[in-house]
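**Student:** Chains as they are written, first to last, in my numbering: chain P, 1 to 427; chain W, 428 to 923.
Hints were generated in silico from the structure; no laboratory data involved.
Computed from a predicted structure; not experimentally measured.
Incorrect hints may appear among the rest.
What the hints assert, rightly or not - Derived DSSO-like pairs: lysine-lysine, alpha-carbon spacing no greater than 27 Å straight-line:
hint: 1; chain 1: P; residue 1: Lys28; chain 2: W; residue 2: Lys689
hint: 2; chain 1: W; residue 1: Lys603; chain 2: W; residue 2: Lys524
hint: 3; chain 1: P; residue 1: Lys22; chain 2: W; residue 2: Lys579
hint: 4; chain 1: W; residue 1: Lys720; chain 2: W; residue 2: Lys603
hint: 5; chain 1: P; residue 1: Lys318; chain 2: P; residue 2: Lys414
hint: 6; chain 1: W; residue 1: Lys922; chain 2: W; residue 2: Lys757
hint: 7; chain 1: P; residue 1: Lys22; chain 2: W; residue 2: Lys922
hint: 8; chain 1: W; residue 1: Lys634; chain 2: W; residue 2: Lys603
hint: 9; chain 1: W; residue 1: Lys603; chain 2: W; residue 2: Lys893
hint: 10; chain 1: W; residue 1: Lys867; chain 2: P; residue 2: Lys22
hint: 11; chain 1: P; residue 1: Lys22; chain 2: W; residue 2: Lys524
hint: 12; chain 1: W; residue 1: Lys689; chain 2: W; residue 2: Lys757
hint: 13; chain 1: W; residue 1: Lys524; chain 2: W; residue 2: Lys720
hint: 14; chain 1: P; residue 1: Lys248; chain 2: P; residue 2: Lys273
What the hints assert, rightly or not - Some chain P residues close to chain W (C-beta under 10 Å, calculated; not the full set):
hint: 15; residue: Arg14
hint: 16; residue: Ser17
hint: 17; residue: Lys92
hint: 18; residue: Asp136
The beta-carbon is built from N, C-alpha and C at its ideal position, and this holds for glycine as well.
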Amino acid sequence: MVPASLEIPVSGHRFSSVVPAKVTGGNKDFELTNMDLAMKLHYIKGVYFFQSEAAQGLSVHDLKVPMFECLEHYYTVSGRIRRSETGRPFIKCNDGGVRIIEARCNQTVDEWLATARDKDHSLDHMLAYDQVLGPDLGFSPLAFVQFTWFECGGISVGLSWAHVLGDAFSASEFLNAWAQIMAEEQLSSKVNDRVLKSEFPAFVSGKPFSLKKVDPVGDRWITANDSRTVTHSFHITGKQLHHYMTDKISDFEIISAIIWQSMSKVRIDLGPKTVTICSNNRLVRGDELAAQPVNGMTLSTVKADFCVSKVEIAELAKLIADRKVPENGLIEDLLSGDEEKSDFIVYGANLTFVNLEGADLYGLQLKGLKPVFVNYMINGVGDEGTCLIVPSNEKDGGNGKIVTMTLPEDQIEKLKSILENDWNISN
Amino acid sequence: MPPLLPDFSNSVKLKYVKLGYHYLVDHFLTLTFIPVMVGIVVEIVRLGPDELLNIWNSVHFDLIQVLCSSFLAIFIATVYFMSKPRCIYLVDYACYKPPVTCRVPFATFMEHSRLILSNNPKSVEFQMRILERSGLGEETCLPPAIHYIPPKPTMEAARGEAEVVIFSAMDSLFEKTGLKPKDIDILIVNCSLFSPTPSLSAMVINKYKLRSNIKSFNLSGMGCSAGLISIDLARDLLQVHPNSNAVVVSTEIITPNYYQGKERAMLLPNCLFRMGGAAILLSNRRSERRRAKYRLVHVVRTHKGADDKAYRCVFEEEDREGKVGINLSKDLMAIAGEALKSNITTIGPLVLPGSEQLLFLLTLIGRKIFNPKWKPYIPDFKMAFEHFCIHAGGRAVIDELQKNLQLSAEHVEASRMTLHRFGNTSSSSLWYEMNYIESKGRMKKGDRIWQIAFGSGFKCNSAVWKCNCTIKTPTGGPWDDCIDQYPVHIPEVVKL
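Isolated chain W (complex conformation):
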């Protein structure tokens, strides 16, 4: 059929043109280097061995000159190696798998809501609509104190939850890596909404009898992106302390933060946040190079807190009845989009191949000088990364990012399935997603992974990892018993 064929051939031609362009620009240096080398070799061959020997003899080498040059070379090499940042390896990590006794099906959640909010049918109706569209599944878990009608959030129950989640993850990490508690040099725990005294990091030190000269940190209040902030902190510490192990524990304790009022904007977190936690072992020891799963390449942090709207968009406050909850503003998605743009602008030059950067630059110049109406060029991040771990903050977040970054369904599969199976586990969700990709057998040596997390403040943080060795399944993670059932199709609306 004549009309179709030209289009087809056009698009094929276009595809090859694009491929050619990318190959040309990305391998520019190699492509210029090769002709130069060829030229030199040809010249050498042409000159012949005798001529070469003559040239060699005519160059006078003074002893001092030789010594100075070699010292200079050694000096430059030493300075280079000393100032090169240490390689940070992610040896392994472990995610907490909640027991079946914590399971909360939709029906139970809604029934409890109806009983607790019996005087507010509109709030109940709202929660039902949120749950139907949330993208969560029937196996997400809440801590035992929240299973009561009404919930019984005591400090003891919160500590209990923290102990169960953190210690399980740590035990699992010890088992997987063979790490001894006495070998932990740096400990960073991040949990946004539960900050007791003594801190959760002190709780870990007490339980495992860690060394008295351990460098411990407890990050609280930093939201769902705190996991990557902890990784960044660990990286900086590992630059300063040679030959060290750092353990990062990311979790969110649900028990004390279950909103007991009726304001709709504050009921949303109840529907989405679920139990979860992860423990990660980072190291700068060269001996770990062989068995480490990943190498940390970049961490990019973007903070939009200077903007008032961004600062207030996720805000913990009291409602009219004095009940404390987290207020999510209506422009959350717009602010998240802005924060993402900021982050991409910084991370783009670090990870994108030269061809994409050039295109972006040219389009930018074109828009500024020639015609502002040109569509902004969105760099194709699929060329820079094989895997994407988008914080499973909610269905809307994943949809938004998929649209903005033009990702396919397979790229966001890890995020969607983690949201379905585990809910929004806050800072640890990135690690569940990573484990999903590993459990599916998709993680190969050399793969690059981009972890993106959003959090209150408003922050957008990214981490880039490179896979060090192909990861075998099963991984001993939380997906082991159910990975075969995934991916599942998540309907737009689940009828309760």
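Isolated chain P, as found in the complex:
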């Protein structure tokens, strides 16, 4: 009898592919922007949990069929990375398709979420494929979708998305488009013009702090960490945030401030002094769907020249809100110049806060029912760690947030105790 702790909860994996319904044809080549290439070593994972009512009567065929039509619009997602003569990567829209994985889990949805709340959400990665582009770069799918059936009849949809394709907003929009087609709603076919050059002129010259150069990775697009990183998710209710809210400061800034201060207490060197803020200027509008995925986020850095652990949260939050310096222009310049062929990481170069507040994560509906829980994670994160701030579902009275931290193993435990003791924030 295998002890429950050693039993692998998710098994029976079956792999297949889904391709665009119509031939993309013309051997389209999709240029990658400098921002896309800056993000190429990162991977986004999103897991959506649905109860059995939402999944009843849905076979894998029913789930796959809308994906064919969806990929007709999102033909870049079906493409593969190739290198041009200069060595610069681009996407060849050759209809290679998206990899679909079917799996079974021996727990119910409620059991899984309960375990996750008690311990951490680190097992959620089993519900979305651990994707790495390469070493066979030209034959690696850019996106994976895993459907996992639970004992109760519930289902989880796990998206693995290469960041080189687009940001988390694009990933979430892609899946929402798929669900819309499944519900036989109309998709508008607006294709946005990709912004090939950053809109932000470089006010400041010099090197961007939000990027960190890493050793060349060749054709295997993942970077090695110095120590093992672990992912943990915290839940912050609307009420807890309400205490600190003012007009000019958003929930994101408050949470970032709390985490920054807590981290400064965790680390021996009282750092970090610089953090990276990743936000998105795009508002989610109904007619933005079916646009090609983009990396449309704004990367900024915030420098604190005082001791972070000793100030008021409100002040720290204000610092983040007012004094962040956008670096897109600097990144653009850096990657257009000598460093064109170098490899960089963004998430985890500094302690990075990613704002996914505006993402319509609970807009992914199966049979008109919303998911009970949605979690997003980032893979390929550097040693400084990353913090994703994601909207929570409305059960707790709205405005709650899920904070998913990816940190080196030894720092996570200390952070957990500080958050619990100082802020009453737990899983």
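Starting from the known structure of chain P, fit chain W onto it as the hints suggest.
**Tutor:** Chain W alone, transformed into the frame defined by chain P:
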């Protein structure tokens, strides 16, 4: 420019000489008949009406003689009409159109190959080279079980594929012809590599609740030429059974036959064979004469199985690891050429105009008696047929036949485009090609069509059809949504 003009005038003269010769020989009987008739008319006119009346009166007609002669005439007429073979009409046919969810682009096929054959990069390389030169397009389809890595070919999946393909084609046929299931008298299903018990024909009878006294047949193992074998069988049955409808279903079920090993000669079919199927309604009822699309003129079957090399050239066997696949030998093309020659020798006299046959005979005599070095005369089949449907077995097959029969690019267009859009669908490919020609609006009343199919054994079978009525577009077939994009130029090598 003096040097060119004489050549030009020479070739023009030659062309007219050839045309004159053909016209003379082909209409020989008419041309001799006319002078004779003219002579008789002139004679009658010359004799005058009185003389004619005299001749008429001088002929004594005895009652018995008259009765006997008329009985004899009636008897001969009856024997003639009774022994004349029944006319077999092709009322209509329907081809299966796979859904987009079965689509397999090159990139996906190659990626799956790389993952399945990850330990055999040479085999993967081979498959890539084959695919690049195959002449297939990006829209060919494989059944759902084959989309998995590795493929999951269960019997249930194979039955599922058979049901989807055959029932879709049958439903489409019922809709097009208004045929009622209870009116089917003869059912023939041919599927070479999947032969479950109960048979596929039993599956059809069960699904559509066909009559209990139906004559059903299931042909398996007969390769890609089995479609025409089924047509031949239907024709023979329709000679015996008056006033009957026969439904022929031609398909190939891919699911159980996807080769999972690494031998190169056996990987070739994986690259070429794709999902497809067709259902055809044949009838000998006179009431169908009006609306039938085609009339069956000839079926010629040639079997080279007596030759050992021909017998083994397409052979299903286990590889060294025990995995079953179809082994294609290297002399496949040569054997196909031989089989074609045999078939042509038989079909030539049936279809070629007298002028071509005469030329062929004279050249043959000349080669045998005078000089064996004379080039053998290849009869011009373009004079006998307006359309050619060459089984889309692969690019090499179509190239070979185009060369051997001296056909133009337009003649083989239907075959090439079917290979591009649907792949090698085995016995049903001829029907996709027929539908291509119809969808292009090229099928006119009186057109003659030659269907040629090759198959394991080694067999070469031909069928000759005559178009009964000009066919209007759109035809409600698998080409309807994409015919405007065709013909496409298929490059020699597609870069993946």
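**Student:** Okay, which hints does this one fail, numbers in order?
**Tutor:** Violated: hint 1 alone.
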